[in-house]
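Engineer: Make the complex out of the two chains shown on their own, each in a separate frame, by following the hints.
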Amino acid sequence: MLTISGHQFSSRLFTGTGKFNHSTTMLNSIKESQSELVTLAMKRVDFNTGLDDILAPLQQLGVKLLPNTAGARNAKEAIFAAELAHEMLATKWIKLEIHPDPKYLMPDPIETLTAAKALCDKGFIVLPYIHADPVLCRKLEDVGCAALMPLGSPIGSNQGLATETFLKIIIEQANVPVVVDAGIGAPSQACRAMEMGADAVLVNTAIASSAKPEIMAKCFKQAVESGRQAYLAGLGDVTTNANNTSPLTGFLNTSITGG
Amino acid sequence: MIQITINQQLENINTNVVLTELLDNKGISHNSVALVVNQRIIPRSQWHEYVCQPNDNIEFFSAVAGG
Chain A
1 MLTISGHQFS
11 SRLFTGTGKF
21 NHSTTMLNSI
31 KESQSELVTL
41 AMKRVDFNTG
51 LDDILAPLQQ
61 LGVKLLPNTA
71 GARNAKEAIF
81 AAELAHEMLA
91 TKWIKLEIHP
101 DPKYLMPDPI
111 ETLTAAKALC
121 DKGFIVLPYI
131 HADPVLCRKL
141 EDVGCAALMP
151 LGSPIGSNQG
161 LATETFLKII
171 IEQANVPVVV
181 DAGIGAPSQA
191 CRAMEMGADA
201 VLVNTAIASS
211 AKPEIMAKCF
221 KQAVESGRQA
231 YLAGLGDVTT
241 NANNTSPLTG
251 FLNTSITGG
Chain B
1 MIQITINQQL
11 ENINTNVVLT
21 ELLDNKGISH
31 NSVALVVNQR
41 IIPRSQWHEY
51 VCQPNDNIEF
61 FSAVAGG
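Just so you know, the sequences run in chain order A and B.
Per the UniProt record's numbering, the first sequence runs over residues 1 to 259.
Per the UniProt record's numbering, the second sequence runs over residues 1 to 67.
Bound-form chain B, shown alone (with noise of 0.2 Å):
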């Protein structure tokens, strides 16, 4: 297990996890979000190959009503 900080919340997940399979976990749809890890912008093409680090600070973001 290792510990991460996913939307200012602290987690433990498995090691060797991608960021698909957070996503999957989340149950949250790929196509609706954006991913931070550590500050920098993830491109959709890289998340099913990034592994979650130790203390990676991972933010989803995603688009909401607004003028």
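With the rest of the complex left out, here is chain A (with noise of 0.2 Å):
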């Protein structure tokens, strides 16, 4: 079982919620994943548009909501958007990000440490989102964050784990769960990220912008599960040279000059 502050996850399968084509595909998608934890954003309402129907039926999933403070550009707004999340869901659990620059989505490693620390003062389950940056890392666990979200590469990017040599760090040095989030493509590169140590990972993209999103998320669920299992049961090493795996006897020369 996967612990963040005291909650148990039977799923190390964390999902989005955005970017599908309809309400009803993304529940059945989060259904087929059986993540139990699912982001969400918040927006001002639109009254053209109406209330998204969104809450109600996630509610009735029984999964648990990660509200994210997408749109906040310094530690300000995001501070401010975990307390509207609180006062609106009810939750002390926030997925803090602050990426200011709309074409890469880089996460501000300097406003996210400021504004991890003041909502862990205040009593918020901090799970950060950021640059595979292992120094970061440790200062935010520091401060009090309950796990560590590093990405893989650019949000939404698909492009899997570019990162993959310094989330490896992040994980060796880490005393909390770490959790892959953002640019994971494939079900194979978030069971990567699962063989290589992570505690769990987010996908949201790749599920969503598939054309068979529910096969999708079923398909991730098993790649997690089965990259979780093969760190648990120890990748073998990696060598440079050849090790026979077969007995090398030489018998079939014996038995040709016999011949």
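These are computed hints drawn from the structure, not numbers from a lab.
Some hints here could point you the wrong way.
To be verified - Capping the alpha-carbon separation at 16 Å, the derived lysine to aspartate or glutamate pairs in EDC-like fashion look like this:
(1) B:Lys26 - A:Glu83
(2) A:Lys122 - A:Glu164
(3) A:Lys117 - A:Glu83
(4) A:Lys76 - A:Glu111
(5) A:Lys43 - B:Glu59
(6) A:Lys19 - A:Asp53
Unchecked claim - Calculated from the model, a selection of chain A residues having no Cβ within reach of chain B, i.e. all distances over 10 Å:
(7) Leu65
(8) Pro67
(9) Val176
Just so you know, even glycine gets a beta-carbon here, dropped at the ideal spot from N, CA and C.
Structural biologist: This is the structure we're talking about:
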């Protein structure tokens, strides 16, 4: 079981709710993924289009909600967004994300650390979305973050684990769960993250943008489970030279010359 | 009548209207939103007693899909 801030999760696959063509597809995909933690965003109500009917069906599914601070450009805005989420959803859990640059959505490490400290001091359960920076991760852990969410590659890019080398260092050093977030584009990449020892992965675009999201959600579920089992079983060493898996006794040579 | 701003739109409303009435007038479920008045979050427990003032800047926020 994965435990974050005292809350236990059977599934190590977290999912986002964005980018689905239809809310029914989103809900069915979450069911197929068996994810128990799903992310949400917040925005001003548009009275012309009305409210999204997203909240009630998610609550009926029984999943834990993880609101994010997307749209915040600095620590002050992110802290405000977290307090808004607390008021709206009655949860202290917050995915802290501060990315002022709309092109690459790179998280701002300085503002994130500032906001993380303030929110942890206010009693929030903070899961910061950050670059795969091992030094920053240690500092975020020091200020009390409940988990770390380093990116594999830019949000929604489906580029996979471009930061693999640094994710390994983060995983090795962390004393809180590491959730690889952003950029995971295929089940094999989620599996790889889990094989490396990540505690969980968060997937959104790869499922939502598939031609068959429900099937893709199930594929990710299986990949995450497989990767976790492989990590626990222990991967073999990677070597430069070949190491024979069959006995090299040369018996064929004997047989040929003897004939 | 007083004039207030709701989600960046000017609106004229009756005097002595509280936030819960504003929500009801808009047909918005109380369970699914957070309210901000003049950049300050108003806790749900105070919605029924906060009387809208002239020139109040009121913002309704809701949960939406996101990653």
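Engineer: Against this structure, judge whether each hint is valid.
Structural biologist: Results of checking the hints against the structure:
For the suggested pair Lys26 of chain B and Glu83 of chain A, the alpha carbons sit about 24 Å apart, so the restraint of at most 16 Å is broken. Distance check on the hinted pair: Lys122 of chain A and Glu164 of chain A sit about 33 Å apart at the alpha-carbon level, beyond 16 Å; violated. Distance hint between Lys117 of chain A and Glu83 of chain A is fulfilled; the C-alpha atoms sit about 14 Å from each other, no more than 16 Å. A C-alpha spacing of about 8 Å is found between Lys76 of chain A and Glu111 of chain A, which places the hinted pair at or below 16 Å, so the restraint holds.
Distance hint between Lys43 of chain A and Glu59 of chain B is fulfilled; the C-alpha atoms sit about 10 Å from each other, no more than 16 Å. A hinted pair counts as satisfied when its Cα atoms are at most 16 Å apart, and Lys19 of chain A with Asp53 of chain A qualifies at roughly 15 Å. With a least CB separation of 8 Å from chain B, Leu65 of chain A falls inside the 10 Å interface cut-off, contrary to its annotation. For Pro67 of chain A, the shortest C-beta to C-beta distance to chain B comes to about 7 Å, within the 10 Å cut-off, and the non-interface label is violated.
Separation of Val176 of chain A from chain B is adequate, the least Cβ-Cβ distance of about 21 Å exceeding the 10 Å criterion.
Consistency note: the structure conflicts with the earlier hints numbered 1, 2, 7, 8.
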